[in-house]
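J.: Numbered by full-length UniProt numbering, the letters in the sequence shown go through residues 1 to 139 in order.
Please note: incorrect hints may appear among the correct ones.
Straight-line C-alpha distance at most 27 Å; calculated DSS-like pairs for lysine-lysine [to be verified]:
{"id": "1", "residue 1": "K67", "residue 2": "K23"}
{"id": "2", "residue 1": "K70", "residue 2": "K58"}
{"id": "3", "residue 1": "K23", "residue 2": "K63"}
{"id": "4", "residue 1": "K52", "residue 2": "K63"}
{"id": "5", "residue 1": "K52", "residue 2": "K23"}
Hints in this document: simulated from the structure, not taken from any laboratory.
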Amino acid sequence: MEPALTINVEADGPNVALQRMRKEEISMLLAVDRGRYLKGSLTAEQALNARKNETPLKEVLEKNVRKVEKDTLVTDIFDMIYDSAAPLAVVDEEDRVVGVVVRGSVIGAMTDTDTNANDSQSTTETEEAADKEGVSADA
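All chains should be built: construct the whole structure from the sequences, respecting the hints.
T.: What follows is the structure, encoded as structure tokens:
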């Protein structure tokens, strides 16, 4: 899990959102209220439209945001994030944002798990073969 880059839609406007995106070199922010409750997501395009039309951010948010609870296992997240360009919001039991999970981190964690499992299997196979030959696997 990584820290979430957020925008407070009750206090901030489109200019603040666009400045934050530019500074962080990203194109999407999670939208929260003052209590850090998840309200949706905001893309650069949505923020530009809000600025152009003088519309509050609350009215242009994407409210259908993929989210997981903070104790969700990586293996349970994989199918959700595999084909998603956007990170998953990580929320607590009250739906407050505590972080995000990005696709690269999940895929990397799954790859590490697979590699470690394969390494363990290879080590076991080597030890079994050595036992049959009467040789120490460490030699």
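J.: Take the hints in turn and mark each one as holding or not.
T.: Structure-based check of all given hints:
1. K67 x K23: holds, 25 Å
2. K70 x K58: holds, 25 Å
3. K23 x K63: Roughly 24 Å between the alpha carbons, so the hint for K23 and K63 holds.
4. K52 x K63: holds, 21 Å
5. K52 x K23: holds, 20 Å
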